[in-house]
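Colleague: The chain contents come next:
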Amino acid sequence: MQAIGLQFVDWVIILFYFAFIIGMGFYLKRYTKSEEDFFLAGRRNTAWVAGIAFLSANLGALELLGMTGNTYKYGMYVAHFYWIGAIPAMLFLGIFMMPFYYSSRIKSVPGYLKLRFDEKTRVLNGFAFAIMTLLVSGINLYAMALVLHTFVGWNWDVSMWASAVTVAAYVTLSGLMSAIFTEIIQFFLIWFGLFLVSILGIVEIGSLGEIMRRVPEAFSKLWSNSGDPTQNGMMITWAGIVMGLGFVLSFGYWTTDFLVVQRAFSAKNLRAARMTPIIASFFKMAVPFIVIVCGLIALVLAQDPNSGFALMSDGGKVNYDSALPLLIARYFPRALVGLGITALLAGFMAGQAGNISAFNTVWTYDIYQSVFNKKASPKHLLWMGRAATIVGIVISVATAYWAKSMPTIMDYMQAIFSWVNAPLFATMLLGMFVKWITPAGAFWGLIAGMGSSFTMYLAVKFEWISMSAVTFSNVASDMAANFWRAWWAWLICFVVTIGVSLFTKKKPEAELVGLVKGLTPATVGEPVPWYKKPAFFAVLSLIVFALLNIYFW
Amino acid sequence: MTGDVKKMKPIWFFVGLVLLVMGGVILAAGLVDLIARVESRTVLAKLHPRIWWGGLMVLAGAIFVLTNKNATVE
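Respectively, the protein sequence lines represent chains Z and E.
Position one of the first sequence corresponds to residue 1 (the numbering used here), numbered consecutively onward.
Position one of the second sequence corresponds to residue 1 (the numbering used here), numbered consecutively onward.
For reference, chain E alone in the conformation it holds in the complex (with noise of 0.2 Å):
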């Protein structure tokens, strides 16, 4: 890439943005059933996996958003 190019954002900071939005819809989900009450039927709901999983991709996202918001690559 030339010097007059804009430069990239690394893919990691990407795989972050799409971990945080979507860990971050899926936590939104839990909590908002949990609070509401709403019976899920799956199986082993009662361990409520959006909540722990949704937060983990959260946490994964975040790392990887603010560890690269600054980085480029060329």
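The shape of chain Z in the complex, shown without the other chains (with noise of 0.2 Å):
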């Protein structure tokens, strides 16, 4: 495939946006005097600032990328993702686990089960979030550079480079309050600038009714063909996506990874900390408007011979990430195709800025603080965390680096989500709602937990066991394993950490306080009516959740 061209006017385009993120680093280093204003963005946000960020520090480029093409590859059972895989979670967050979360005025997710729990625990967490962060931050970066590289024809190095020194430059300028900043400037350049690209789809092919008249049967269904797992792309059946996907993977992902919880933690009171996810779940529910749409779009014109479209290949394989910079291309007439460019490269950066941000306060408090440096002042924890910034970079490079030299490390994305918050998550559940579970309980469940993925994973992948064994399934694609898996490692962990609670020692009841349900006062913010209250823009957003679902079944 050619590359996509780009003319002067979009040069402007893209460079006004590497100028402005820069200038607004320094322009935001003004108001960034105090460690708590570096990690946590000073805890001024409103719930709008900080849902849109929450939303945005999941919606990568990446996402876009991936997502489009695997609804081309999968059809409508991507949007199982963005619906089932997200919303009930995000909602559980704001309802039960925010209030235990913010009230306890923790500056990361390890830093509650220091908490909760003993300071072993918290310390595995952190390693094991630290790395996690610092691999998809170097996967994610590899992935733009490739996407640049490919569609744009731009040098492999000199952009992943200049994205890495631009992302490294704002945040070690004013840390989390310029992460958050850029991922709203980019949820915004996103919405404007591929959502054109869904309007026109729909214009050249007739109505959204048309296109979902076109595309196979099997790939315009949500639940009614998920009893078999043969009768749908995915190959999977609804047990698998609602325990792999909408319990685990969903609630592990969106109730304890520190990258998106942290951007509730910057918000300015409790009742803003619950809003931020409820808030977020309704965009959430409209991201699939550009992707499912998208995606279905290029599978519409790609099955018309007279369209004039068709996916890339590389070596007789197609290349399904490349659906949507081709729907650019097609629809995009200069100037608008620097806006889509700049929309993807918004989407890359502010992913990478989210990873570095969360990576630079796990570090700082819950590996150097914890283990390193007790004592560390406040102003030194400062000058580490600008220092971890930069550190983070340069590990994500090289990551990146090596993410190039093997070709198929995308597929362990998913996989590495599945190693870390699965088991996280049962851990984060029992601590929350079960007093009695113990500091050893949660310790050894949460390696059990890990462990059994990680081996599950390497057993599958060099057949010392049948896949089948996993999924219970004889037919089943790496997404549907991924599902299964996540679901065995939250079982083990869950299974584990009640078992070793049973006969190990507790922690005494007065310092569970305000960390665990039955043993917190209800909580009492500031009177505001029925209609404002969390619990009601939740019911609204399970409203719309259920119709979505319906009208798609």
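Any given hint might turn out to be false.
To be verified - Straight-line Cα separation of at most 20 Å, SDA-like style, residue types lysine to any residue; simulated pairs:
| hint | chain 1 | residue 1 | chain 2 | residue 2 |
| --- | --- | --- | --- | --- |
| 1 | Z | Lys533 | Z | Phe92 |
| 2 | Z | Lys374 | Z | Leu115 |
| 3 | E | Lys7 | Z | Gly23 |
| 4 | E | Lys46 | Z | Ile202 |
| 5 | E | Lys9 | Z | Arg30 |
| 6 | Z | Lys268 | E | Trp12 |
| 7 | E | Lys46 | Z | Ala329 |
| 8 | Z | Lys505 | Z | Val495 |
For the record, the hints were derived by calculation from the structure and aren't laboratory data.
This one's a predicted model, so the numbers in the text were calculated from it and none came from an experiment.
The task is to assemble the complex, starting from two chains supplied on their own in separate frames and drawing on the hints.
Modeller: As structure tokens, then:
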């Protein structure tokens, strides 16, 4: 494929964006005086700011390209990632978990583990999270350079280093605040830069109904063909979707991954913190109107020999990720191309900044202060946060070069989440809602959950066991294996945590006040009318969620 | 933030600036090509998406900037 050509006006838009976000970093540095300013954006964000940042931290360009390509490959089933694979977990976080997180004034998710359990559980999770974050960050960086090289024809090294240096500059200057600012700007750029692709695609084909009529029937359904894995593109049953994706992977990611939860910690009060994931849930439900619709448009166009549209192929293998860039090239004239590329770049860089700002916090508080320098002053911690940002970026770049040398590295992304987040969700769930869970139970449960998930991954990868032993089905995709492995890791962590807790020493109840349900006084916030309460918005979100699932059943 | 520190502009002001500038460039490019009768080879070019989409971005950006130009946050 010929690279998308950029003209002068496209470069004006792209360079304006780079200059703007570096300028934002310098502007915000004036307001970054303390460690809390740097790591938690001063805890002064409104629910809307924190909510959009919460969503945007997850809405990277890798996700946009990957999910559009996955829709081309799997059809409507990809919408499960946005609806059942996100909304219940986000609402659970806002309604049930946030009071424990926010009220304990912790600075990170591992920080909660220290208060609820002990130091060793915190350090274990801190290290696992730091490694996972840098791996994901490097893979993001690699993917970005790959996309820019493939579709825009930019030099691989130059595009990677330019983005890495830009992110390092603005996160080092003002920490989480500048990460959140760029995430919000990215959110608007993605909608203005990419929703137009959906609109023009619908106009070209005729209507959304026409698109649904022209895709294969198995690709236009959400649930009605989930009873038999051979009848849907993802080769998975409803049980795998509900338990693996809807419960374990989704709750594991949205309620415990510090990358997203950190945005809620930056809210100005408890109500704003609880509203953060609830507001984000409405926007999350809307994202399929870009990625799913674009994926289906690409599929319809590719089936029509008169459209002149075909996905790229590399050595005879279809490149599904090319769907969105090819649609941009099809519909966008000069200047709009610049906007579309900027939206993708903004997504990549905001995702990178999100990873790095979460890494510098966990490194500084949960590893450096906890293990190496317990008496560090606030000023020293602020310095360490900035240093960790630069070191984190350098390690990410090294990881990106490593990823470049391993062609199948992208497959590891979901696998990494199932190693770390899935078991952690069992620990958090038991820790917050069962008061007799012990520090030893939590620690050994986490070890067992993470270890078993990793072992299962290796066992299937190197064919020590058949994939059907994990998925209960003779036909299964890699995605289905990830869902099921996450479920088993969660279950093993859950059972081991309970089992060990039955025989080990409990923490005194006085130390668990504010951290565990049943030992925490009912939260009394500012009195607000019923229509401003988080529960009301959560019910609204659930209604929209139910309607979408029924409509596309 | 303490009182002696200059107050910060809200993020919405900066969102408005970005949309205003980018939308303005896109709208201008669309108008220039329309006036100069430059043929675009993209699909649906006859709908002139840069003009109405760029115009929408300018409008959204102007609303964000104007409603937040005097606003500050703690």
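Colleague: Each of the hints needs a verdict: does it hold here or not?
Modeller: Quick rundown of the hints versus the structure:
Annotation: proposed proximity of Z/Lys533 to Z/Phe92 holds, straight-line Cα distance about 15 Å (limit 20 Å). Taken as a hint, the Z/Lys374 and Z/Leu115 pair is honoured in the structure, with Cα atoms around 16 Å apart against an allowance of 20 Å. Among the hinted pairs, E/Lys7 with Z/Gly23 is consistent with the structure: their alpha-carbon atoms are about 17 Å apart, no more than 20 Å. This hinted pair checks out: E/Lys46 and Z/Ile202 have alpha carbons roughly 15 Å apart, not beyond 20 Å.
For the hint linking E/Lys9 to Z/Arg30, the alpha-carbon distance of about 12 Å falls within 20 Å, and the restraint holds. Of the supplied pair hints, the one linking Z/Lys268 and E/Trp12 holds, its CA atoms being roughly 17 Å apart against a limit of 20 Å. With a C-alpha separation of about 16 Å, the suggested pairing of E/Lys46 with Z/Ala329 holds against the 20 Å cut-off. Using a Cα cut-off of 20 Å, the hinted pair Z/Lys505 and Z/Val495 holds, with the two alpha carbons roughly 17 Å apart.
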